[in-house]
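Undergrad: Sequence:
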Amino acid sequence: GGGSHYPRLVMPILIREFHSPDEEMKRIVLKVVKQCVGTAGVEADYIRKEILPEFFRNFWIRRMALDRRNYAQVVETTEELANKVGCSDVLSRIVDDLKDDSEPYRRMVMETTQKVLENLGSGDVDERLEERLIDGILYAFQEQAVDAGSSGAFGREGQIMLDGFGTVVNALGERCRPYLKQIAGTIKWRLNNRAASVRMQAADLIGRIAVVMKACGEEQLMGHLGVVLYEYLGEEYPDVLGSILGALRAIVNVIGMSKMTPPIRDLL
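Take the sequence shown: its position 24, counted from the start at 1, is 24 in my numbering, and no numbers get skipped.
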């Protein structure tokens, strides 16, 4: 029916509007692109050739990450594009921006990466993209700005980084084996940070990736992290202590009580 022709007629007009400097117009264009791309009449090849290059050039810019509404709409529309063209076509264009200077922009990349991998898995992620992904999430995680004065939980920003990191590791699964020592090193370093929110986030990350460490046969590394966590049981902030106990529990659940040194059955 006529419905399937509509997107193909609208698309060239929309693409011209990608350049519009008007903020409201940008959001409308993003919304309509999302709707058009979601319809059956728009083929993956057409999207790859006609839409993606201009889309990324015009919308994947730092300024879009500074306004909450723009940010949300870019993430949503990019997620829809990935559903049509696949994971790696989208991630390969943005993953290196996990190392961008702008933190809000890095967050926008991380959130999109998370959603795309959750929807589609890592099946079409090749080895080179995998390396860039791990490299990027480690950088973005380590470079988070910290509110050292805060005594408790990290905010939505920290949650995005935690969720994104956890999702990448879980999506790659056993392919993470070569990177786990480096990831564990980052976690240990951050468990020692003077900001409570950083310690808490680092402990929470252990809980997110314990199953993958087990799948990769890294029982020894997990035992080592258990010992490290054990030394932080004197944590002064209840929220952080809760996360440390949660991380210990995650390790015990995966490797079993007998492998834990020191024995912690009395604690949990």
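Hints are computed from structural coordinates only; laboratory data are not their basis.
Take the hints with a grain of salt, since some may be wrong.
As the list claims (entries may be wrong) - Think about it this way: if two alpha-carbon atoms lie no more than 25 Å apart in a straight line, the pair counts; the simulated DSS-like pairs of lysine-lysine are:
1) K49 - K34
2) K84 - K31
3) K84 - K188
4) K84 - K34
Undergrad: Each hint needs a verdict: does it hold in this structure or not?
TA: Right, here's what the structure says about each hint:
1. K49 - K34: Distance ~16 Å between K49 and K34 Cα, so the pair holds.
2. K84 - K31: Cα-Cα ~16 Å, so holds.
3. K84 - K188: 39 Å, violated
4. K84 - K34: Within the cut-off at roughly 11 Å; holds.
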